[in-house]
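Residue numbers (our numbering), protein chains in the order written: chain A, 1 to 111; chain B, 1001 to 1112.
In case anyone wonders, no lab produced these hints; they're calculated from the structure. Idealized CB from N, CA, C, for every residue including glycine. Do not take every clue at face value.
Only part of the chain A face toward chain B is listed, based on derived beta-carbon distances under 7 Å [unchecked claim]:
| hint | residue |
| --- | --- |
| 1 | F10 |
| 2 | G42 |
| 3 | L43 |
| 4 | E52 |
| 5 | F90 |
| 6 | S94 |
| 7 | P96 |
| 8 | F102 |
| 9 | P104 |
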Amino acid sequence: NAGVTQTPKFRVLKTGQSMTLLCAQDMNHEYMYWYRQDPGMGLRLIHYSVGEGTTAKGEVPDGYNVSRLKKQNFLLGLESAAPSQTSVYFCASSYPSNEQFFGPGTRLTVL
Amino acid sequence: GQQVMQIPQYQHVQEGEDFTTYCNSSTTLSNIQWYKQRPGGHPVFLIQLVKSGEVKKQKRLTFQFGEAKKNSSLHITATQTTDVGTYFCAGPTNTGFQKLVFGTGTRLLVSP
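Let the sequences and hints guide you as you build the complete structure.
So this is what it looks like as structure tokens:
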């Protein structure tokens, strides 16, 4: 089992460009999450999903959109990237256990 | 809103010294989880505590959940260089769903 995978691993964008981050899990987990991690601020929840076809806003959703068309995939979109979105993005999945399994992360720089 | 704070933010120890990080929640938690993130890596689940006053051990790591279920601690005995990383506590939000609020983290550096 690969667990949770994320693509791409690194990306540099210019302000105003768009991109999609892909998260895939092969553990048949119902719940999936997108976090961003900034220095000194821990992990902050952007959006989450409780099942295929469902999404909901987390703590810091502005500037991001998500979709969960298939149970195993959770996509995070940036429609018009801003320098404030420079961060490391982690995807995670869980359920039925409470433990969250994280992907390796995507390091995004917006110039 | 619900907040989870950790202290210290950073600690640098010599190999063999003990280390403790403390986690404090603004609200009562039904459970608390601990994660470790190695430099350049992703968070990895260590343990979950559920009961008031619960103490669990994993080799040199001792985890404790406070009696009021609002605080927790992680103690490492005789640190090793492999303990380097950031330790996060996390508690479920009060929305009844499996969302976690992560603490600010404690970064541990161990010198040989």
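Hints and how they fare:
no., hint, result
1, F10, "violated (12 Å)"
2, G42, "holds (5 Å)"
3, L43, "holds (4 Å)"
4, E52, "violated (16 Å)"
5, F90, "holds (6 Å)"
6, S94, "holds (6 Å)"
7, P96, "violated (9 Å)"
8, F102, "holds (4 Å)"
9, P104, "holds (5 Å)"
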